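Protein chains in written order, with this note's numbering: chain A, 1 to 316; chain B, 1001 to 1316; chain C, 2001 to 2316.
Hints were generated in silico from the structure; no laboratory data involved.
A hint or two may mislead.
Claimed, not checked - With a straight-line cut-off of 25 Å between C-alpha atoms, the simulated BS3-like cross-links for lysine-lysine are:
hint	chain 1	residue 1	chain 2	residue 2
1	A	K76	A	K47
2	C	K2047	B	K1076
3	C	K2076	B	K1047
4	A	K76	C	K2076
5	A	K76	B	K1047
6	B	K1076	B	K1047
7	C	K2076	A	K47
8	B	K1076	A	K76
9	A	K76	C	K2047
10	B	K1076	A	K47
11	C	K2118	C	K2237
12	A	K237	A	K47
13	C	K2047	A	K47
14	B	K1047	A	K47
15	C	K2076	C	K2047
16	B	K1118	B	K1237
17	B	K1076	C	K2076
18	B	K1047	C	K2047
Stated by the list, open to error - Chain C is faced by these chain B residues, among others (derived, beta-carbon under 7 Å):
hint	residue
19	Q1052
20	G1053
21	D1081
22	H1103
23	T1104
24	M1108
Unchecked claim - Going by beta-carbon spacing under 8 Å, a handful of chain B positions derived as facing chain A:
hint	residue
25	H1045
26	T1069
27	D1072
28	G1275
29	P1276
30	I1277
31	V1299
Keep in mind it's a predicted model, so treat the numbers as computed, not measured.
Backbone N, C-alpha and C define an ideal beta-carbon position, used for all residues, glycine too.
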Amino acid sequence: MTSSDQPETPRRPRHLISLDALSTAQVVRLLDRADALREEWLARHHKLDLLQGRTVINLFFENSTRTRTSFDLAAKRLGADVINFDIASSSTAKGESLVDTLHTLEAMHCDAFVVRHKENGTAEFLARHVRGTASVINAGDGNNAHPTQGLLDVYTIRRHRPDFSALRVLICGDILHSRVARSDIHALRALGVGTLRVCAPANLLPSQAELPGCEIVEDFDTALAGIDVVIMLRLQKERMEQAFVPSEQAYYARYGLDARRLRLARPDCLVMHPGPINREVEIASAVADGSQSCILEQVSNGVFVRMAVLAELLDS
Amino acid sequence: MTSSDQPETPRRPRHLISLDALSTAQVVRLLDRADALREEWLARHHKLDLLQGRTVINLFFENSTRTRTSFDLAAKRLGADVINFDIASSSTAKGESLVDTLHTLEAMHCDAFVVRHKENGTAEFLARHVRGTASVINAGDGNNAHPTQGLLDVYTIRRHRPDFSALRVLICGDILHSRVARSDIHALRALGVGTLRVCAPANLLPSQAELPGCEIVEDFDTALAGIDVVIMLRLQKERMEQAFVPSEQAYYARYGLDARRLRLARPDCLVMHPGPINREVEIASAVADGSQSCILEQVSNGVFVRMAVLAELLDS
Amino acid sequence: MTSSDQPETPRRPRHLISLDALSTAQVVRLLDRADALREEWLARHHKLDLLQGRTVINLFFENSTRTRTSFDLAAKRLGADVINFDIASSSTAKGESLVDTLHTLEAMHCDAFVVRHKENGTAEFLARHVRGTASVINAGDGNNAHPTQGLLDVYTIRRHRPDFSALRVLICGDILHSRVARSDIHALRALGVGTLRVCAPANLLPSQAELPGCEIVEDFDTALAGIDVVIMLRLQKERMEQAFVPSEQAYYARYGLDARRLRLARPDCLVMHPGPINREVEIASAVADGSQSCILEQVSNGVFVRMAVLAELLDS
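Chain A on its own, in the form it takes in the complex (with noise of 0.2 Å):
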């Protein structure tokens, strides 16, 4: 994967709503730029300034650790000022529309709004209605994209197999309702990926046209064969609730990733998992926490994507 083939610079995104709207010259410049700020960070252990006096507002309506974390690290370490809004006590409380509260915080001069929520499309609305030059984020829409996890899944597989074009990529569990699994497909495809694989249950399986480039293969086993990175996707306890999947041991004995199971992929095949995980519902302890994983690699370069990210976005 090099950008030979682009001698230009890409242009900068304005925005980073969903990775289908990125070039593959955007995405590996942003993953570049996610390996230099991770070599200086590791290096020095000091903040940058590249961000000195700009502000980043974590607009989260859905809780989240890891994420809203992660991003709130990646700013503080590049130098800007994080502002957490917690939505059940700001203003939206007292009926002002999202949007009004967008340009209310834009005229304090606030430069990236990172925004999750439960609705499809909230980010884009919201990069829609922007009406200076601040940047939006998606960091989780509905089961639409989740793009910074996209691209910090490719960075980690970057990091141990840097020639997709002969990768095997395997993502494995509730495919229907992850944005997940959306936003790897456009990342893997957008660096050229060999093949690309999805196993899920008939009924959490989206139609084929949802997902271009994917063999679709239903038995986890005979899926297993030959891939070099299996992603296996959070099974939401909701699911049961609403009666997807029987109950966690059903789901388990068919979709669930053991040791048995990965001796079934290639034997250096990499074990990812977007977290937080379900001990012994997707994925056993054992390969969870085995040397195949690298499940706490991924969270760890996704503080280095997302200073790529926003460095990007906003290094003017």
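Fit chains B and C to the known structure of chain A by using the hints.
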């Protein structure tokens, strides 16, 4: 509006509780400092070092997006650290009194307390109990005062209409319950406003004694004649529950600022509102978002005015 | 109290879980460092750069105004970034285990975890599970330990009475449920306190085995005779609900420190309390606010002691 009749530098206030405690020279000095800080910020977009090492405590007993965020940003952009207190989860829940909380935070060398509370007089009460050199800033107490709102309103007006003596200003809405109206009246009178008119439903109007220097006009159409600046107040939802107002529709029909009514004022009349606005309750969207609206400019100026207040009170 | 019998610089501790794990030399070194940081802070009132680029995580599973704010300020004044975790809204709500949360935050290069939890042993449990170089600081676990409170208490005493060998200290209140008492006992014994006396209702007194080196005196008047320092403990409201204490009035009559009782101690006896105080339950207002009270000085010193702890543990 000059300070030529006060050639000496005015005494810097220790606290900011209510604008009636400030001399005209002190108000002008704050506005001038806001101008200087605005210019510096817009030119450099870089944190200032003025309050480095200082700690500002946001003690908000009422929810507020804009005021709390505005103070938070103002303090951070001057280099201070900010601690936001979620009062429900603080040890006042353990029964510690407000005064003991104040003394505890003072003992930790906190330098400023920004206080919002639904009870009149809370900020003044705290200011009386400060033991050391800390400053108390009233961010709104009951229906009594909201001095930084008053300052940012006259700051916004001054940027467009520097000659206050010729100015005709109208404040319309629930004057009775409005700390914004009270602080606006103090600020406008300190700057020698030409004409100051208020308009409200009879049951939302305080006595004339509480409205020094104000003409009272009950009919909104009549009140708008010849006006240079109209400040609309937010109608709190609870007014309807308390039967002060029959319905939003009825209120809007008599006291809502729509395009027709705005044409009754002078052609270049500025439209202001402290926010958050209730669209089609006290103001039409077309007016709030129209070319005469200064509402977002007020928000923007609010940060600079609060920077000026913090700098004046704390910068030793 | 000197470290002359330990001429070598003592090994720097990795975590701070309980004071019984520290040598006398390590305790003295922390207090000396608090002295140095106090002087530097009071002279310059300017952030230090010691922990620039470091991240401190406040993991508070129990509410706390003073301890959390004290750590927050201590970390910020050393230049560190601080992330405060509201546990209710974190992904532990999604069922992620505490250990997975720890590893996730470690992967993000967080350097210290300040932990408060109602269960004994939580901080130690986390310290055992740290994978990298991060430090865990116990900010209070159940009735087990509150080591920074123990340190700040002896630090406060040392500033007034540097010779511990001649000192007679009394701790009075609900010793049974008090992590403060346990840490105070460790700290005072490490510094070679002359006499250490405890006083509590019989049903709020642990066994003698849990009170090494302590005289137990049930009657408070008798216990106060000849005392140089009296440390009063907070009476938790739940003790009454659990019928440990008949009523606040009855408790105050027997174990409340009022002006009459204070005169039974030595004339210059210091009065201490970890806060927040229950006025007229365990201590009279006249005593808490009187000239012998060191209560606010304890709060003030708490920030310097926590700066010292963070600096010792993290400054590489």
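Hints, verified against the model:
1. A:K76 with A:K47: holds (8 Å)
2. C:K2047 with B:K1076: OK: K2047 (chain C) and K1076 (chain B) at ~14 Å, within 25 Å.
3. C:K2076 with B:K1047: holds (16 Å)
4. A:K76 with C:K2076: At roughly 13 Å apart (the allowed maximum being 25 Å), K2076 (chain C) and K76 (chain A) satisfy the hint.
5. A:K76 with B:K1047: Holds - the C-alpha atoms of K1047 (chain B) and K76 (chain A) are around 14 Å apart, at most 25 Å.
6. B:K1076 with B:K1047: With a Cα-Cα distance of about 8 Å, the restraint between K1076 (chain B) and K1047 (chain B) holds, given a limit of 25 Å.
7. C:K2076 with A:K47: Roughly 14 Å separates the two Cα atoms, so the pair holds.
8. B:K1076 with A:K76: holds (13 Å)
9. A:K76 with C:K2047: holds (16 Å)
10. B:K1076 with A:K47: holds (16 Å)
11. C:K2118 with C:K2237: holds (15 Å)
12. A:K237 with A:K47: violated (38 Å)
13. C:K2047 with A:K47: holds (15 Å)
14. B:K1047 with A:K47: holds (15 Å)
15. C:K2076 with C:K2047: Judged against 25 Å, a Cα distance of about 8 Å means the pair holds.
16. B:K1118 with B:K1237: holds (15 Å)
17. B:K1076 with C:K2076: At roughly 13 Å apart (the allowed maximum being 25 Å), K2076 (chain C) and K1076 (chain B) satisfy the hint.
18. B:K1047 with C:K2047: holds (15 Å)
19. Q1052: The hint holds - Q1052 (chain B) has a Cβ within 7 Å of chain C, the shortest such distance being about 6 Å.
20. G1053: holds (4 Å)
21. D1081: At 5 Å from the nearest chain C Cβ, D1081 (chain B) passes the 7 Å test, so the hint holds.
22. H1103: holds (6 Å)
23. T1104: Status holds, d = 5 Å.
24. M1108: holds (5 Å)
25. H1045: holds (5 Å)
26. T1069: holds (6 Å)
27. D1072: Cβ of D1072 (chain B) sits 6 Å from chain A, so the hint holds.
28. G1275: G1275 (chain B) check passes; min Cβ-Cβ to chain A is 7 Å, inside 8 Å.
29. P1276: holds (4 Å)
30. I1277: Constraint on I1277 (chain B) satisfied, holds at 7 Å.
31. V1299: With Cβ-Cβ at 4 Å, under 8 Å, it holds.
When each numbered hint is compared with the structure, a violation occurs for hint 12 only.
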